[in-house]
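Peer 1: Going line by line, the protein sequences match chains A and B.
The opening residue of the first sequence carries number 1 in this note's numbering; numbering runs sequentially from there.
The opening residue of the second sequence carries number 1001 in this note's numbering; numbering runs sequentially from there.
If you are wondering where the hints come from, they were derived from the structure by calculation, not from laboratory data.
Here a beta-carbon is modelled for each residue, glycine too, at the ideal position from N, C-alpha and C.
Possibly wrong hints are sitting among the right ones.
Label pairs and their calculated CB-CB ranges [said to hold, decoys possible]:
(1) B:Val1077 - A:Ser18: 54 to 62 Å
(2) A:Leu55 - B:Val1077: 50 to 58 Å
(3) B:Gly1170 - A:Arg72: 28 to 36 Å
(4) A:Ala230 - B:Glu1271: 23 to 31 Å
(5) A:Pro242 - B:Lys1233: 37 to 45 Å
(6) A:Asn11 - B:Phe1021: 48 to 56 Å
(7) B:Leu1062 - A:Ser136: 47 to 55 Å
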Amino acid sequence: MNRDKVIKVRNLVKKFGSFVANDNLSFDVYEGEIFGFLGANGAGKTTAIRILTGLSEPTSGEVMVAGFDARRQPEEIKKNIGYMCQKFSLYEDLTIRENIMLYGGIYGLDRNTIRERTGQLLDKLRFSEYGDRLISSLPLGVKQKLAFAVAVFHKPKIVFLDEPTGGVDPLTRRQFWEMIYETASGGITVFVTTHYMDEAEYCDRVSIMNEGRIEALDTPAELKRLYNAATVEEVFVKIARPGANSKKENADNNRIV
Amino acid sequence: MKPYSEIMPKAIESSGICKSFGDTKALNDITFNINEGEIFGFIGPDGAGKTTLFRIITTLLLPDSGSMTILGLDSTVGYKKLRENMGYMPGRFSLYLDLTVEENLNFYASVFGTTVKKNFELISDIYSHIEPFRTRPAGKLSGGMKQKLALSCALIHRPRLLVLDEPTTGVDAVSRTEFWALLRKLKQYGITIVVSTPYMDEAMRCDRVALIQDGQMLSIDSPQNVRDGFSRKLFSARAGDKYRLLLALRDYPGTLSVYPFGDSIHLTLSEEKPGRQLSEYLSEKGINDATIVETEAGIEDRFLELMGMDEIKNP
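So here's chain A without its partners, still in its complex pose (with noise of 0.2 Å):
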């Protein structure tokens, strides 16, 4: 591919003590790419996230993101990403327009910026007659879709979802999903994460994580190929647990996770 690569990792190690977090990871994300990183739970996922988003310093390897190095200069790459979580990552106590100030501050942006963008945001989400209630009074779709395009309001390289639709319903699920396409055909490179086995259907290309290590990253439509499988989440089952038809080796994994 010839397209920019966005995040390049290279024989990337995390250790805590003598527990190996991720085990030498190597992958590359390209621009305008959506780029689906799941995993089971304990497989690594937060991990690598903490370490690709600036939070967190490799043991050893090759990271770069957004053409900074996460090691030497993990404040670039804080202002050049967008990071949102299910948690929900705005202030419950100021308004919708207050946080998006709020945010277009923290990113440098000036009045003028923000001011002509906040607008404009408000209108594409029809939350204009929203803008000054509080977060709190929100429902919980409402405030998922704000806390993306907030994540995205600075105009970064990429932005980090780490399962953003948890909990929502079907419909706002399946408009979030229409942000997600809409923000990545604008060029922005979007790494998501999800439980939702459809929803790694919709990703460009996917990455399944298994005990610290990348075992399997393709198009959907390629790794569903490669593993025989019907739907991603067939081979993701295949992936997590290898020794599903073994009773006791499937106890053994339990056990880890």
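Once you've looked at the hints, dock chain B against the given chain A.
Peer 2: Positioned in the frame of chain A, the structure of chain B alone reads:
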């Protein structure tokens, strides 16, 4: 005396339950029956009212109006007796974090006047997964292990009714499948299992389900019947550029509803079936590789239809 199941085949009979918190109507006229020995699922998003309903079922909260009979007893009068026969696993982990796995289990057994040994058969399968960590404080367990400990504690007094509030939320797809297999095994002991989940795909694992949204029941039936309730012909559309196809279909005059669904797009039409008009329209939009075939509706399709929002073409 006759066996209990003969005189009372219903585990729960709920009629017209309402509950408000200030101006918020959390539950509005909730009526349902749950048969003894079945796995009954409440399926709905966050904020639907699932947890409020479960707090009423577990006698922790009084409804504003309506009545609920559980295991043959009025829930507001017979709550002391009911609690002895009920196991409850709340959505939030609420065991003692500073007690070990073993201590938590022994504590719960003793509160219910029993011993771990007496009912061990019931939990042996689940407990075998956490036994290697029996001396570890509960606060130091991983999410999956906490879940198994909480389930063990909810079962240790051999309840007749097991109430599980979102046991699989935030749990990966494989562990969720395994958890449902555990519930299937428990059902064999004759335990009635009431479970809530925001994951629509889990509905298929229940004997019967209730779809719930904004405090209201949308549908109660077997999962298959819920799916069969989908009222129109459903089509599945695919193309190389899925997003472009979605936007094009949304603007097509004959489209009634269109949503992304996994690796395809689900579509209902005012026309009988996709014909030349639609393919010409797509060609005009520069989409020449689209395939559209009829498909079977899933629980989620039906849920969207029942939400009454499926005809909003531009959400």
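Peer 1: Please go over all the hints and tell whether each is borne out by the structure.
Peer 2: Going through the hints against the structure:
1. B:Val1077 - A:Ser18: 54 to 62 Å: holds, 57 Å
2. A:Leu55 - B:Val1077: 50 to 58 Å: holds, 54 Å
3. B:Gly1170 - A:Arg72: 28 to 36 Å: holds, 34 Å
4. A:Ala230 - B:Glu1271: 23 to 31 Å: holds, 29 Å
5. A:Pro242 - B:Lys1233: 37 to 45 Å: holds, 41 Å
6. A:Asn11 - B:Phe1021: 48 to 56 Å: At 53 Å between Cβs, range holds.
7. B:Leu1062 - A:Ser136: 47 to 55 Å: With a Cβ separation near 26 Å, B:Leu1062 and A:Ser136 fall outside 47 to 55 Å, so the hint is violated.
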